[in-house]
Amino acid sequence: MSSARRGSTILGALALVFILVGQYWGLVKAPPDAYQGDSQRIMYLHVPSILTAYLSFFIVFVGSCLYLWKREPRDDILAYAAAEIGVLFTALTIVEGAIWGKPTWGVWWTWDARLTLTAILLLIFVAYLMLRALIEEEQRAAVSGAILGIIGFLDIPLIHMSVYWWRTLHQPPSILQPDKPPWENVHPSMLVALAINFVAFILLYFYLLSQRIRLGEKQAELRRRRLYGRR
Amino acid sequence: MELLRQACWLLWKDVRLELRRRESLMSMFFFGALLLFLFQFSFEIRQDRVAEMTPGLLWLAFVFTGMLALTQLFQPERENFCLEALLLTPFDRAALFVSKVIFNLILMLLVELVVFPLFAILFNLQYWGLLPSLFAVTFLGTLGFCVLGTLFSAVTLKARARELLLPLVLFPLLIPVVLATIRCLEIILRSGAWSEAYPWLRLLIAFDVIFMTAGYLIFEWVVEA
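For the protein sequence lines, the chains are H and L, in the order given. Here the first sequence is numbered in our numbering, starting from 7 and rising by one per residue. Here the second sequence is numbered in our numbering, starting from 3 and rising by one per residue.
Hints may contain errors.
Distance windows between CB atoms, simulated [unchecked claim]: (1) H:PRO163 with L:GLU198: 21 to 27 angstroms; (2) H:GLU142 with L:PHE66: 25 to 31 angstroms; (3) H:PRO38 with L:TYR200: 41 to 47 angstroms; (4) L:LEU124 with H:ARG120: 36 to 42 angstroms.
With a straight-line Cα cutoff of 27 angstroms, these simulated DSS-like cross-link-like pairs (lysine-lysine) come out [stated by the list, open to error]: (5) H:LYS35 with H:LYS224; (6) H:LYS35 with H:LYS108; (7) L:LYS15 with L:LYS160; (8) H:LYS76 with L:LYS160; (9) H:LYS224 with L:LYS160.
Simulated from the structure, these hints should not be mistaken for laboratory data. We put the CB at the ideal spot given by N, CA and C, even for glycine.
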């Protein structure tokens with residue numbers, strides 16, 4: 007087993023451990039929310055998954071820029087992998103949000119700014135995957151994807167502003183408030199649960215990313231061999 | 003300046019082609035008018051609600067007719083290796099981008115010039131005095147639409163199911179333009195004043211400037227890939 011593969015396996019095992027501990031902490035150890043009761047516990051997954059999705063789209067942007075600049079296939083594989091996993095985590099965030107929204111707000115979905123923004127992000131990166139899938143020529147697909155990755159990322163602040171001015175209903179953030187330190191308005195055990203889950207999601211993310219990059223490299227290798235024969 | 007001069011030459015080529023064939027413009031006119039009829043059939047627009055629905059309906063008509071133009075935008079270059087021939091000339095690649103943006107802008111503005119009064123007549127609206135400000139906002143929105151549209155029309159040039167893919171890629175990215183333009187139009191129609199619309203106007207201008215610059219910088223990679 008190569009060292010990269012071993013690293014990936016260790017990452018996966020660590021992610022599994024953190025996920026199990028995080029679920030125990032979030033579901034059992036942390037106290038229920040004063041107003042929302044148990045439904046608030048989904049927050050321990052919801053917040054890490056959207057942060058992971060953001061991280062993912064940032065990696066798409068970085069990979070896209072690097073690819074256009076240096077034309078290394080490696081950067082393109084990174085961007086493509088990150089986009090795919092980003093779509094997964096964004097979709098997960100929306101589903102978790104809907105499950106939480108039904109008992110709390112009374113509706114699965116509402117046209118609030120942050121919800122809309124997340125849905126638009128999902129649409130942009132689903133379009134990214136479709137664009138890649140529908141362009142056959144390999145290098146052209148990579149360049150097109152890189153351009154969408156960059157333009158999409160540049161568009162996020164503008165979409166953010168426009169939908170915020172349009173409407174806002176989402177919970178204001180309860181941890182990062184400017185006037186109070188987090189431990190005063192949130193039970194410390196809740197913060198621990200959130201932190202463990204956050205680490206778990208980051209580990210899981212990088213595990214999936216490394217696996218997906220390996221798959222991308224194998225696919226590139228396969229295409230090369232089909233074109234030029236075995237060397 | 004040299005860039006603009008080159009863009010003018012390329013634009014002249016597209017305009018002459020369009021003058022001789024009259025394909026895009028004619029189909030856009032009729033499609034735009036057709037949409038107005040469809041709106042009436044689907045919403046049964048009543049006199050008391052027409053003012054609040056106008057900005058959205060107008061923009062839907064512009065966006066759909068604009069899509070029609072965008073899918074045809076690089077059609078002349080696709081045939082007979084014309085794009086490759088253009089790339090062989092010593093033109094700046096960005097000039098091609100600028101010329102295509104302007105060409106699409108001209109097509110859409112011409113359609114808008116007809117659809118705006120037609121809408122007022124068909125739905126019995128009295129916004130004649132506001133037309134200059136409505137046009138100004140629509141111009142900014144249309145420019146943003148054309149900038150991103152041209153860029154992705156070129157990106158999807160060699161994709162399978164190109165006509166399907168383009169709106170899928172483009173619409174989510176265009177949400178700031180659509181929202182800002184519709185809100186601006188609505189504010190102007192409601193109050194007749196600009197002051198309330200300033201944040202949205204700034205957003206529109208920022209969008210136009212950011213993506214004009216980005217398109218100008220990366221178009222070279224788009225056509226050469």
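Structure-based check of all given hints:
no.: 1; hint: H:PRO163 with L:GLU198: 21 to 27 angstroms; in the structure: holds, 22 angstroms
no.: 2; hint: H:GLU142 with L:PHE66: 25 to 31 angstroms; in the structure: holds, 29 angstroms
no.: 3; hint: H:PRO38 with L:TYR200: 41 to 47 angstroms; in the structure: holds, 46 angstroms
no.: 4; hint: L:LEU124 with H:ARG120: 36 to 42 angstroms; in the structure: holds, 39 angstroms
no.: 5; hint: H:LYS35 with H:LYS224; in the structure: violated, 43 angstroms
no.: 6; hint: H:LYS35 with H:LYS108; in the structure: holds, 24 angstroms
no.: 7; hint: L:LYS15 with L:LYS160; in the structure: holds, 22 angstroms
no.: 8; hint: H:LYS76 with L:LYS160; in the structure: holds, 23 angstroms
no.: 9; hint: H:LYS224 with L:LYS160; in the structure: holds, 25 angstroms
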